[in-house]
Amino acid sequence: MKHKKLKNIFIGLVLFFLYLPIIVLVVYSFNTSKMNIVFEGFTFDWYKNLFNNRDLIEAFINTLIIAVTSTVVSTIIGTLGAVGLNKYDFKFKSFINLLIYIPIVIPEIVLGISLLSIYTLTKIELGMFTLILSHIAFSIPFVIVSVRSTLSSTLKTYEEAAKDLGANSMNTFFKVTLPQMMPGVISGAILAFTLSLDDVVISYFTSGPGSNTLPLKIYSMIKTGISPDVNALSTLMLLATMIILTTSAIIQSRKIVGGTK
Amino acid sequence: MKKGDRFFKFITLSPIVIYTSLLILLPLIYIFFLSFCKNDSYGGIIYDFTLSNYIAIFDITYLNIFVKSSLIAFIATFICICISYPFALILRERSENLQNLMTKLIMIPFLTNSLIRTYGWIVLLRKNGIVNSILITSGLIENPLSLMYNNLGIIIGMSYTLLPFMVLPVCSSVFKIDNTLIEAARDLGAKPWAIFKKIIIPETISGVFNGSLMVFIPAIGYFFISDILGGGKAMIIGNLIKNQFLTARNWPFGSAISIFLIIITFFLVWIYRKLGGKLDDLGGM
Amino acid sequence: MKYIKLLIIIVSLILVTGCNRSSDYDGVLNVLNWSSYIPDSVIHDFEEEYNIKVNYGTYSSNEELLAKVTSSKEGTYDLVFPSDYMVELMKEKNIIMKLDKDKILNYYNIDDTFLHQSYDPYNEYSLPFLSTVVVIAVNEANITDNITGYNDLLMSKYKNNIVILDDQRIVIGMSLMALGYDMNETDPKALKEAEEWLIKLKQNIKAYDSDSPKTFFITDEVDIGIMWSAEAILARDENPNINIIYPSEGHAISMDNYVILKGSKNVDNAYLFIDYLLRDDVSKKIIAEYPYISPNKSIYNTISLDDIFNKGYYVENIGSNIKEYDKLWADIK
Chain A
1 MKHKKLKNIF IGLVLFFLYL PIIVLVVYSF NTSKMNIVFE GFTFDWYKNL FNNRDLIEAF
61 INTLIIAVTS TVVSTIIGTL GAVGLNKYDF KFKSFINLLI YIPIVIPEIV LGISLLSIYT
121 LTKIELGMFT LILSHIAFSI PFVIVSVRST LSSTLKTYEE AAKDLGANSM NTFFKVTLPQ
181 MMPGVISGAI LAFTLSLDDV VISYFTSGPG SNTLPLKIYS MIKTGISPDV NALSTLMLLA
241 TMIILTTSAI IQSRKIVGGT K
Chain B
262 MKKGDRFFKF ITLSPIVIYT SLLILLPLIY IFFLSFCKND SYGGIIYDFT LSNYIAIFDI
322 TYLNIFVKSS LIAFIATFIC ICISYPFALI LRERSENLQN LMTKLIMIPF LTNSLIRTYG
382 WIVLLRKNGI VNSILITSGL IENPLSLMYN NLGIIIGMSY TLLPFMVLPV CSSVFKIDNT
442 LIEAARDLGA KPWAIFKKII IPETISGVFN GSLMVFIPAI GYFFISDILG GGKAMIIGNL
502 IKNQFLTARN WPFGSAISIF LIIITFFLVW IYRKLGGKLD DLGGM
Chain C
547 MKYIKLLIII VSLILVTGCN RSSDYDGVLN VLNWSSYIPD SVIHDFEEEY NIKVNYGTYS
607 SNEELLAKVT SSKEGTYDLV FPSDYMVELM KEKNIIMKLD KDKILNYYNI DDTFLHQSYD
667 PYNEYSLPFL STVVVIAVNE ANITDNITGY NDLLMSKYKN NIVILDDQRI VIGMSLMALG
727 YDMNETDPKA LKEAEEWLIK LKQNIKAYDS DSPKTFFITD EVDIGIMWSA EAILARDENP
787 NINIIYPSEG HAISMDNYVI LKGSKNVDNA YLFIDYLLRD DVSKKIIAEY PYISPNKSIY
847 NTISLDDIFN KGYYVENIGS NIKEYDKLWA DIK
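The listed protein sequences derive, respectively, from chains A, B and C.
In terms of the numbering used here, the first sequence opens at residue 1 and continues consecutively.
In terms of the numbering used here, the second sequence opens at residue 262 and continues consecutively.
In terms of the numbering used here, the third sequence opens at residue 547 and continues consecutively.
Residues from chain A that face chain C, not an exhaustive set, calculated with beta carbons under 8 Å: (1) THR120; (2) GLU125; (3) SER220; (4) LYS223.
Think of the hints as simulated: they come from the structure by calculation, not from any bench.
Cβ atoms here follow ideal geometry from the backbone N, Cα and C, with glycine treated the same way.
Bound-form chain A, shown alone (with noise of 0.2 Å):
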């Protein structure tokens, strides 16, 4: 069984070669000394720090805000663009159907120059707004491609069914199709937030005064130097992606046992 061991060994030093990194910063986020070399003591200074560092909460406000917006509308255009493309077909479907992949394919710089060079051809003033327009802009794809995964053959039946009992499309769409699509439409939403919340590449083309966000502001303190308020704010980042992981886990699971009752 040595062969077993071996592969065992292989799937742990891959956990640890991940979370190599994470766990260096949480060790390090209580050290007294700045310099992120020996630790030299246990402290909860740059906790205390970072919840007196304003511009590093605005730019969280900020964060938040953007995720929340572009996750909301994204979610909302790319269940019905979903839909509507599963549906109907119209002149320029498949041209449309190609469009929606190429923010998925192309590189993120790409994406971001180009619509900086569009808000300055249009002289829209870059802030808040260019920012959550630039998210919408990457989320979209995501949702359309989470959504679709979920609209089979037999949803189609099940509206042609109710389309037979009277029912119009608006109704066979909250009665029928969105409840089916639910599953897609959720998971498209967490990643459309997941994905706004860590951007940096579109958000540092984007963005203008006033509307730093959290990747941003880390990029510019990384930038300036060392400073342990980063490992703090990623531990406690990190922190509240384990609590939403863990919750979510715990509903599902409650949600199969409920299931098999």
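Position chains B and C against the provided structure of chain A, taking the given hints into account.
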């Protein structure tokens, strides 16, 4: 078509049509147009047709950057494959619960901010960082290794940041391989290597190519990783485009490079589809 | 439906808090400045004193500043801090306003030595904020050679041991000075030589960094740095072994200025901010955190002003030759 139905069609399709035309098509057409313009020395755009921006791409200076950047991205992609493929093959033999747990465990770091993860590597890879300290105290080396502020640092950062994009598609394609197929082959006396070559590789090639696309393409554009871990020394294509737009003020040239990148991307996607890959799988993380 | 309700609640909550934020203030001011130049506390004090919200963005080179300003709609930014040659260029491009000095009461705090520079002889458009020179910083705990100028840095034993400003005009200008040319030379032959010189230096460069080169000293990553004087002083504060050297071939000087952009929607707030930064106590706070050379009369500059202005060279505008510089820069990086 009934009236209500027509209204519904309008409601579902008009936002998406407006979105694709204003936020995808229009910006791309505009940079395509820009790429044929001239620029004045102050960064202004002169609307005058020229091919010089495309000719400039083939200047040895920029070709060098293209080659180096592609090489870095290629190595990062290769490292990701070397990690993900065995990982998926090993997990394939394990229970479904473990598979789910593992994919979740891989997603967690991916959900924290990518800059923060990159920052973690600084602490590890610095001259007197953790890796060098461990190696020196254990007596393996005498002088610290240069692990960052060079191409190695960028490659480590890229492979790390983009690994989940490889692991997920590779795992999903490897987990999907039909066990009966392998058993049948084994019963017929096929050697493990033959099974690997004749069944596993063809069944998973599109998954691997999917992952490679999702690693390679960002890896030529993620300027922040080369800025942080490369010490601003190594320019990748992302830095080059960024510089044209944010320092050199040569938007037409920056646009030409972008168009060039789009063409390369489309070519790679075309190969992916030839290999039997579905476009929808590219966005399903 | 539950999800949708939840989403609506979250969105409205965030929008409410978001709207509240900006209405707390009487006005706004959109500033773009070099990174690590004004302490956060100075900005926050201003916000509290005048109840004006300062949206503060940063850049790391003059070129980046110009790109940010010209690629955004007129009126996006109010107050920016370009260096000497960039003031001249912005003046030519007609994107900055004439200053109304009656609105800057603390104008008289400025030392005359800093006024009437060649790029804006009557200070119609600009007033000096801070000045700096490019110096060589050497950690003498590890380097015992006597380094006096740029040419000493080419020695192969300094491999991977130098941090240098990520600023093409400064770095190319430095190589030209090392070769005995003018800092702003555009002759192709000279540029070719500069390229060769820089390629030799490249072996020794560990990183290009304008934002915080001091970090490389503090973490012991390098022993030599070509950097702004204040960064070198800050590094020396952390490590007394660091010696600051004025290169024998000549040094670049850079004077950063207050400039108000045309189309600014918050001109009065911009004047208030300039006036505030020119106050003696505020200038002292800035210098305490970022020890650059202040034009404020009340501040004693440790560096002799004579040295700065007589032996230093400004970066000058070179018109369309900038394209050659761009290419050279891409070549050596």
